[in-house]
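Trainee: On the provided structure of chain U, position chain X as indicated by the hints.
There are 2 protein chains.
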Amino acid sequence: MTSKPLPQHFTVLVRAIPVSDGVSVSDAVDKFFREYHSSTYLSHTVVHQTGKLRRLLNDAENICTKLTNLKYVHRSSGDAPRKFLGLFGRNDLLGQYQKRLEDVEENVRLEQSDATRRQEIPAAFVSFRSRYGAANAIYIRQSDNPTEWQTEHAPDPHDVYWPFFSTSFMERWIAKFVVFVASILLILVFLLVVAFVQGLTYLEQLKQWLPFLRNILEIAVVSQLVTGYLPSVILLFISSYVPSIMKLFSTMQGFVSVSGIERSACNKMLRFTIWTVFFANVLTGTALSKAEIFLNPKEIPSKLAVLVPAQASFFIAYVVTSWTSITSELTQTAALFCHLLGKCAKCCRRDDSKAPSMPYHSEIPRILLFGLLGLTYFIVAPLILPFVLVYFCLGYFIFRNQLFNVYAPKYDTGGKFWPIVHNTTIFTLVVMHILAIGVFGIKKLPLASSLLLPLPVLTFLFNEFCRNRFLPIFEAYSTESLIKKDREEQNKPEMPEFFSNLVTAYRDPALKPTQRSSNSDERTAPLLATM
Amino acid sequence: MTSKPLPQHFTVLVRAIPVSDGVSVSDAVDKFFREYHSSTYLSHTVVHQTGKLRRLLNDAENICTKLTNLKYVHRSSGDAPRKFLGLFGRNDLLGQYQKRLEDVEENVRLEQSDATRRQEIPAAFVSFRSRYGAANAIYIRQSDNPTEWQTEHAPDPHDVYWPFFSTSFMERWIAKFVVFVASILLILVFLLVVAFVQGLTYLEQLKQWLPFLRNILEIAVVSQLVTGYLPSVILLFISSYVPSIMKLFSTMQGFVSVSGIERSACNKMLRFTIWTVFFANVLTGTALSKAEIFLNPKEIPSKLAVLVPAQASFFIAYVVTSWTSITSELTQTAALFCHLLGKCAKCCRRDDSKAPSMPYHSEIPRILLFGLLGLTYFIVAPLILPFVLVYFCLGYFIFRNQLFNVYAPKYDTGGKFWPIVHNTTIFTLVVMHILAIGVFGIKKLPLASSLLLPLPVLTFLFNEFCRNRFLPIFEAYSTESLIKKDREEQNKPEMPEFFSNLVTAYRDPALKPTQRSSNSDERTAPLLATM
Chain U
1 MTSKPLPQHF TVLVRAIPVS DGVSVSDAVD KFFREYHSST YLSHTVVHQT
51 GKLRRLLNDA ENICTKLTNL KYVHRSSGDA PRKFLGLFGR NDLLGQYQKR
101 LEDVEENVRL EQSDATRRQE IPAAFVSFRS RYGAANAIYI RQSDNPTEWQ
151 TEHAPDPHDV YWPFFSTSFM ERWIAKFVVF VASILLILVF LLVVAFVQGL
201 TYLEQLKQWL PFLRNILEIA VVSQLVTGYL PSVILLFISS YVPSIMKLFS
251 TMQGFVSVSG IERSACNKML RFTIWTVFFA NVLTGTALSK AEIFLNPKEI
301 PSKLAVLVPA QASFFIAYVV TSWTSITSEL TQTAALFCHL LGKCAKCCRR
351 DDSKAPSMPY HSEIPRILLF GLLGLTYFIV APLILPFVLV YFCLGYFIFR
401 NQLFNVYAPK YDTGGKFWPI VHNTTIFTLV VMHILAIGVF GIKKLPLASS
451 LLLPLPVLTF LFNEFCRNRF LPIFEAYSTE SLIKKDREEQ NKPEMPEFFS
501 NLVTAYRDPA LKPTQRSSNS DERTAPLLAT M
Chain X
1 MTSKPLPQHF TVLVRAIPVS DGVSVSDAVD KFFREYHSST YLSHTVVHQT
51 GKLRRLLNDA ENICTKLTNL KYVHRSSGDA PRKFLGLFGR NDLLGQYQKR
101 LEDVEENVRL EQSDATRRQE IPAAFVSFRS RYGAANAIYI RQSDNPTEWQ
151 TEHAPDPHDV YWPFFSTSFM ERWIAKFVVF VASILLILVF LLVVAFVQGL
201 TYLEQLKQWL PFLRNILEIA VVSQLVTGYL PSVILLFISS YVPSIMKLFS
251 TMQGFVSVSG IERSACNKML RFTIWTVFFA NVLTGTALSK AEIFLNPKEI
301 PSKLAVLVPA QASFFIAYVV TSWTSITSEL TQTAALFCHL LGKCAKCCRR
351 DDSKAPSMPY HSEIPRILLF GLLGLTYFIV APLILPFVLV YFCLGYFIFR
401 NQLFNVYAPK YDTGGKFWPI VHNTTIFTLV VMHILAIGVF GIKKLPLASS
451 LLLPLPVLTF LFNEFCRNRF LPIFEAYSTE SLIKKDREEQ NKPEMPEFFS
501 NLVTAYRDPA LKPTQRSSNS DERTAPLLAT M
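Chains as they are written, first to last, in the UniProt record's numbering: chain U, 1 to 531; chain X, 1 to 531.
Okay, chain U solo, but in the shape it has when bound (with noise of 0.2 Å):
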């Protein structure tokens, strides 16, 4: 109720627009608005095929890039003697990037004028006058045909993902097809590497597989690195790759928001995280018994109760290396590296000077991994608690820290990630209460078991409350406060002036030319200035 009118608020995506021959897309789009939405219909920004020209600015972006690091080469070795012939080839280099960066600009230009050259896609962003006049569009269906004129809300206008609409329907539905493939191939190869990583813990069977290392591994010290500490790194160094593997796959899914690729990673995540790390080390074994815990429901609890301590002091080691990742996520060591890198081999690729943003994708999975940790060994084995108090006490001082400091916030999330975390408390919380089931059944306690069963119905009746009671309000705004909202601003004078901006605020930014201009020469000008 508070915030500034936004683009977002009174923007709608329309995609699958019908077109019949010799209309363009954006008459067609103007003439179905006119005519349904007329009182409240501003205007309309018809996305474009860019893909040749955002990879010609990419070139662009490349050279220039290129030429900056050459130039902070020459200038910080300029004076030094010993490499005056090298210092010649560079600059000789450096006329070729100008030359080369001049040519790609020309071409740019010459695409963004040509506008009758740019492909019109049958998708476009369409402004209202009003909030409530937006959310008409999106939540009506527009057409008698459910497959055209569908409405969405639009995003950010900086989160909106371009390259995604170049795709075609047929290429989008493939690439569905072989990320979910693709995911499948992921969680084998890795539920191959926790198998391995579980026998470490299991120092004869190392020994058989590597008999080499037989002499090493008798050393006190080495065998207990090996069998505490080492599994655990391999798990967490390898697991650090995933998430950015994830964000590919959720990329090529075609969302048409950042924040969406981001809110989708973040769930592949937590299915990967929960799925290969938590059960996968849990329920040792070959994969048949894996299988048959969960084909027969009755033996779950009992059988949980079994496997599940067995693999404590494993997570405790996991969640004391785990500090470690979290004091790198302070000291940003991975950052650093890739600079130094990067300074060393005097190519450093990307301008370090955009601040970057908070990679929720990998970090709520991982902490709510813990909590999972937390609740499902609190009553096994409850010595792991004070390692997750630390963690947990880390992490909310360290990512406070980065938050206010550090991370510069792409887009603004709008809370849609707790709507994830909820729904993945409750399963974490309905693990527990099984394994509880569990651990009271062996105990030979039935009594306690069965008056615990009642605990997991009343967590699915309180879920179902809060999907009915909270849920709807993060999908959408309620009548009552997007009317509030629109009598509120109706006669604010700085609306005029909004309305004008959002004519032009969904322009894909690989068509505005003075923009992008304009940012090369700020970039490398100082840098010129300063030789």
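Hints are not guaranteed to be accurate.
Since the list gives no way to pick one copy over another, a pair counts as held whenever it fits inside one copy or between any two copies.
[As the list claims (entries may be wrong)] For lysine to any residue, the following SDA-like pairs were computed, each having C-alpha atoms within a straight-line distance of at most 25 Å:
hint : residue 1 : residue 2
1    : K31       : Q253
2    : K416      : E148
3    : K303      : H158
4    : K416      : Q150
5    : K416      : Y139
6    : K484      : S130
7    : K416      : S449
8    : K484      : Y139
9    : K443      : S3
10   : K52       : A182
FYI, nobody ran anything at the bench for these hints, they're computed from the structure.
Only a predicted model underlies this, so the values are computations on that prediction, with no experimental measurement involved.
Mentor: Structure of chain X alone, referenced to chain U:
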């Protein structure tokens, strides 16, 4: 697009209206909709607590019917001298009933006129000036708190199930739970019956169970009848009672409309039919082995391929027996029996002047079951096909006749039973594919078996397509059609009259004094006139 303007198109049912102290529900509704839907809001009708009134009206109705019957008997046997004494007694009874009817009607009038005695229920029918206005109120969440001001499509005024509104939230909640438990119990009871029926097909077992029948069972005709025909007769006879039980369950669940109740009963009935009639008969054996088949997904096809053909003869007999049931539909045997029984006992309870409505909830599941039988057996026992074909042909002609000449539709189904039929057909197709895979597997044709694997996948994809393309049409009208229709009707001369009728369309029939008394007059008048 061609339908006349109907009250349900312009009306929204609002529930969970929050009421602050001292403000009536009516005022709250008026204030809310005048504020947020000022341009389209027309009027509203608050629902009242009419449980007591409805009981009184029921009493009046009962007495009235009894009176009518008495007068009918009086008239028909008036000039039979052997009943003179009886007639005198009846005449006295007639006077008594008339006295009681007057008392009850006085009470009804008192109750109806005393508006202060009636409690308002936080639910109201809100009418709008345009279809699009109503759609706006339905599809956009009204209040900031999603549990308040919940809106939904209003049913046809004749279709509203009024008693539901009298129940409190807690009562409905408990009713839902009771219905859930009762449904499970019903299926369990029915499974026992099926087990018994299945026992009949194995004559030896029956002889063991009921040794005193040994002599009778050894007659060839009897044994053939018992093993071949009796099981399906019993099954059909018992299952003929289930639809009304299911409808009772759905009524308890709290739907606002009769059509909603019947749709829910149809769904329940369908699940019941497929599980108890099809699967329970196919999966003979102990309950444990039944559960096991679904826990081992890999073996489902091959097991089904063994079990399904084994019951072919039973299902052929079942189809043949159903011919009788569908012809009894033509002759309305049940209704005739009821009528005759009523006449014999001289206390026909219902007035038979009203035409019955089509019992969709019992007929649709039965027809879909035969579709399932036809599709699954056409691979393993094609002999069933002609029998199913005869059933469908009979069904086509009989139901065509019944729908045109016998049944009077109580409400417009709006095609909302189609999605149920579609989903069941998809399920049937998938069962058929699985069965085919299993059969080819057993016949040692692994290539044919694996070539069939894409079929279920394609079926699911087709289902997904239909869900996207056609399902939304069943759920809501589009902006396009709503606005077109609104504009078309805007200047029609009959609209002002329609709107003035709309204001009173959703009044509880229990609160309509004139209609009720005139109705009863109408009903009794012709009979008195003929005396």
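Trainee: Each of the hints needs a verdict: does it hold here or not?
Mentor: Hint check results:
Taking the shortest alpha-carbon separations for K31 and Q253, neither the intra-copy value of 31 Å nor the inter-copy value of 46 Å comes in at or below 25 Å. Taking the closest pair of Cα atoms, K416 and E148 come within 25 Å of each other only across two copies (22 Å); inside a single copy the shortest separation is 27 Å, beyond that limit. Proximity of K303 and H158 under a CA criterion of 25 Å is satisfied in neither setting, with 50 Å inside one chain copy and 56 Å between copies. When the C-alpha separation of K416 and Q150 is checked against a cutoff of 25 Å, the pair qualifies both within a copy, at 22 Å, and between copies, at 23 Å.
For a Cα distance limit of 25 Å, the shortest separation of K416 from Y139 qualifies both inside one copy, at 19 Å, and across copies, at 21 Å. With identical chains, the CA atoms of K484 and S130 are at most 25 Å apart both within one copy (11 Å) and between copies (22 Å). Neither within a single protomer nor between protomers do K416 and S449 lie at most 25 Å apart by alpha-carbon distance, with minima of 37 Å and 45 Å respectively. Within a single copy, K484 and Y139 get their C-alpha atoms as close as 18 Å, and across copies as close as 18 Å, so both meet the 25 Å cut-off.
Taking the closest pair of Cα atoms, K443 and S3 never come within 25 Å of each other, the shortest separation being 56 Å inside a single copy and 69 Å across copies. In this homomeric assembly, K52 and A182 never come within 25 Å of each other (Cα to Cα): the closest approach is 28 Å inside a single copy and 64 Å across copies.
Checked against the numbered hints given earlier, this structure breaks hints 1, 3, 7, 9 and 10; the rest are met.
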